[in-house]
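J.: This is what each chain is made of:
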Amino acid sequence: MNRSLASRHTASWIGGTVTALCALIGAAILILILGYVAIAGARAINPAFLTQLPVPVGEPGGGVANGIVGTLITVAIATLLALPIGLLCALFLALFGRGWLPEAVRFLSDVLSGIPSIAIGLFAYTLLVAPFRHFSALSASVAFAILMLPIILRTSEEAIRSVPRSIREGALALGLSEFATTMRIVVPAARPAITTGLLLAIARVTGETAPLLFTAFGSQFWELNPAQPMAQLPLQVFTYAISPYESWHAQAWAGALLLIAAVFILNVLARLVLTPRTER
Amino acid sequence: MSVSRPRGDAPRRNRTAAAGDRVFLFVVNAAVGLFVLVVALLFIELVAGSWPSLHKFGFKFLWTSQWNPVTQQFGALPLIYGTLVSSLVAIVLAGVVGILAATFLAEFAPRWLARPLGFVIELLAAVPSVVFGLWGLFVLAPLVRTVIGPALQKYLGFLPIFQGPISGVGMLTAGLVLSFMILPTVTAISREVIVAVGGDLREASMSLGATKWETVARVVLPASRAGIFGAIVLALGRALGETIATTMVIGNRPQIAASLFAPSYTLASVIANEFTEANGNVYISALIELGLILFIVSFVVNAIARLLLWVVLRTRS
Chain A
1 MNRSLASRHT ASWIGGTVTA LCALIGAAIL ILILGYVAIA GARAINPAFL
51 TQLPVPVGEP GGGVANGIVG TLITVAIATL LALPIGLLCA LFLALFGRGW
101 LPEAVRFLSD VLSGIPSIAI GLFAYTLLVA PFRHFSALSA SVAFAILMLP
151 IILRTSEEAI RSVPRSIREG ALALGLSEFA TTMRIVVPAA RPAITTGLLL
201 AIARVTGETA PLLFTAFGSQ FWELNPAQPM AQLPLQVFTY AISPYESWHA
251 QAWAGALLLI AAVFILNVLA RLVLTPRTER
Chain B
1 MSVSRPRGDA PRRNRTAAAG DRVFLFVVNA AVGLFVLVVA LLFIELVAGS
51 WPSLHKFGFK FLWTSQWNPV TQQFGALPLI YGTLVSSLVA IVLAGVVGIL
101 AATFLAEFAP RWLARPLGFV IELLAAVPSV VFGLWGLFVL APLVRTVIGP
151 ALQKYLGFLP IFQGPISGVG MLTAGLVLSF MILPTVTAIS REVIVAVGGD
201 LREASMSLGA TKWETVARVV LPASRAGIFG AIVLALGRAL GETIATTMVI
251 GNRPQIAASL FAPSYTLASV IANEFTEANG NVYISALIEL GLILFIVSFV
301 VNAIARLLLW VVLRTRS
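Here the protein sequences line up with chains A and B, keeping their order.
Read the first sequence against the working numbering and you will find it ends at 280, with the numbers running on by one and no gaps.
Read the second sequence against the working numbering and you will find it ends at 317, with the numbers running on by one and no gaps.
Be aware that one or more of the hints could be misleading.
[To be verified] Taking lysine to any residue and the SDA-like style, the derived pairs with C-alpha atoms no more than 25 Å apart in a straight line are:
(1) B:56 / B:15
(2) B:212 / A:131
(3) B:56 / A:25
[Unchecked claim] One-sided excerpt, in silico: chain A residues whose CB lies under 7 Å from chain B:
(4) 20
(5) 100
(6) 126
(7) 128
(8) 263
By construction, these hints were calculated from the structure, which means they are not laboratory data.
This structure is a prediction, so every number in the text was calculated from the model and none was measured.
From the three backbone atoms N, C-alpha and C, an ideal C-beta is built for every residue, glycine too.
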């Protein structure tokens with residue numbers, strides 16, 4: 001510590017500046033990607049792109065309407081599968097679990113959230129595709145549901161835990177059953193935070209591509225039956241991007257813009273649902 | 001459930017309510033059982049699916065380097081190498097930038113800047129990987145081929161990792177894209193860990209006359225070492241298993257090359273590229289075994305990271 005005070009203050013200033021630069025780099029990467037996708041995507045996006053089926057290479061026009069609908073269906077089914085199980089597990093963790101089991105489930109859930117989506121896709125394949133020798137949107141929904149589970153589970157647990165104990169005890173003391181207390185008092189009180197978790201989980205799987213390759217598989221046609229292979233927007237972006245055709249690349253950018261817009265809107269919504277109520 | 005009710009003469013409504021509660025608790029427990037079953041089944045199905053390959057190649061699957069669908073010979077070494085090296089590049093880049101960014105957000109940034117800036121960086125985690133791949137393929141790869149690669153070769157070309165022809169797609173581009181993808185993980189968690197360091201340590205250091213930077217570099221960061229390491233390990237887990245973005249920019253060639261400019265392949269990319277075209281039991285099963293390797297590695301890596309973070313954040317708060 002025998003350096004002069006001035007040089008130590010300079011060092012401190014440099015340190016602060018370098019860390020600030022690193023934070024700016026992080027933000028700049030996002031802005032660069034967003035900006036590029038917005039510009040390249042906006043150029044190729046038009047009503048036909050949103051409302052028409054894909055066309056073969058060389059033909060003008062064509063769109064990804066079937067992929068948009070397919071993604072909506074697949075994600076909706078995944079949500080229907082994941083939400084009840086996630087919420088019930090969260091209730092267990094926050095209210096009913098005793099001993100080592102809740103901690104073990106929590107740990108398992110955290111570790112599950114780090115398992116690569118492609119491994120979970122393979123699981124859905126061996127469980128639901130291979131035995132039937134038939135790709136299906138449903139198998140993709142199952143893979144998505146597993147990806148959503150840890151997010152729903154942990155955010156809902158936090159939400160339920162933050163509901164004051166006294167409210168729950170009061171309801172029980174007034175003679176409400178455990179079921180009624182949980183479903184009519186505790187869960188509604190935790191609803192904003194649960195919704196936030198749900199939206200984040202939906203955002204997480206909406207752009208997910210890897211498990212779709214060998215579950216939903218994709219389709220060129222209108223296919224609305226979840227037991228069949230179904231078109232998926234992220235899959236279309238992937239296929240168009242690695243194709244050698246210029247016109248398809250443009251469509252890939254447009255699709256990427258749609259995906260990114262959907263995911264960002266979900267993320268911002270997730271924050272909006274939560275903030276006004278907690279700050280009130 | 002914990003309240004004991006008088007037996008026999010309980011009003012009818014209470015009895016149905018009690019029965020309802022039993023059903024409700026049963027459903028809750030069943031959901032937990034189902035969850036645990038799914039995780040167990042994940043492992044079991046992957047082992048069962050890779051059985052033919054496990055049986056045929058045994059452990060030499062891990063260290064032989066021939067990946068040849070024609071002769072049905074499968075060794076995962078080049079894929080393991082590609083996965084590890086691309087993740088290593090990503091961890092080095094994202095680690096340095098992410099930890100420093102977290103330091104800024106936690107220690108130096110004024111509140112009005114820290115929140116939006118943190119949000120923007122975390123939003124990077126929400127970008128779908130196929131979009132990262134698209135951007136990497138059409139923006140970053142040409143940049144690596146024409147600007148970044150030649151510059152590295154000019155100044156650091158004496159290192160074997162920066163020699164040879166620059167193809168644009170390859171290990172370096174994949175590592176860069178991966179580093180962008182894991183940056184939010186490193187930043188968000190390191191920030192949380194740094195914030196959790198007690199104020200008394202900071203105050204003691206400052207009151208001894210240390211500057212802000214000296215306090216951060218010699219007191220706060222060393223105190224958060226374990227947690228930051230946890231963040232890095234967690235990010236490593238992400239990078240190891242990332243599939244689509246890597247597949248689009250790594251070049252997809254199963255080879256072990258010293259140069260970061262050379263095309264490579266990763267465990268996840270091989271599955272993504274070859275699974276639907278795989279014919280024959282052994283081929284499919286070898287691909288599922290790659291998935292099993294990924295599953296086990298991520299499980300272990302995540303378990304380590306979670307334990308570290310759990311210990312750090314629990315003892316501090």
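J.: For each hint, tell me whether it holds in the structure or not.
T.: Now for the hints, and whether the structure bears them out:
Of the supplied pair hints, the one linking residue 56 (chain B) and residue 15 (chain B) is violated, its CA atoms being roughly 61 Å apart against a limit of 25 Å. Distance check on the hinted pair: residue 212 (chain B) and residue 131 (chain A) sit about 62 Å apart at the alpha-carbon level, beyond 25 Å; violated. Of the supplied pair hints, the one linking residue 56 (chain B) and residue 25 (chain A) is violated, its CA atoms being roughly 48 Å apart against a limit of 25 Å. Checking residue 20 (chain A) against chain B by beta carbon gives a least distance of about 5 Å; that is within 7 Å, so the hint holds.
At a threshold of 7 Å, the smallest CB-CB gap from residue 100 (chain A) to chain B is about 13 Å, leaving the interface hint violated. Given the 7 Å rule on beta carbons, the hint for residue 126 (chain A) holds: about 4 Å separates it from the nearest Cβ of chain B. Using the Cβ-Cβ criterion of 7 Å, the hint placing residue 128 (chain A) at the interface with chain B is not satisfied: the shortest such distance is roughly 10 Å. Satisfaction of the interface hint for residue 263 (chain A) is found here, the shortest Cβ-Cβ separation to chain B being roughly 5 Å, below the 7 Å cut-off.
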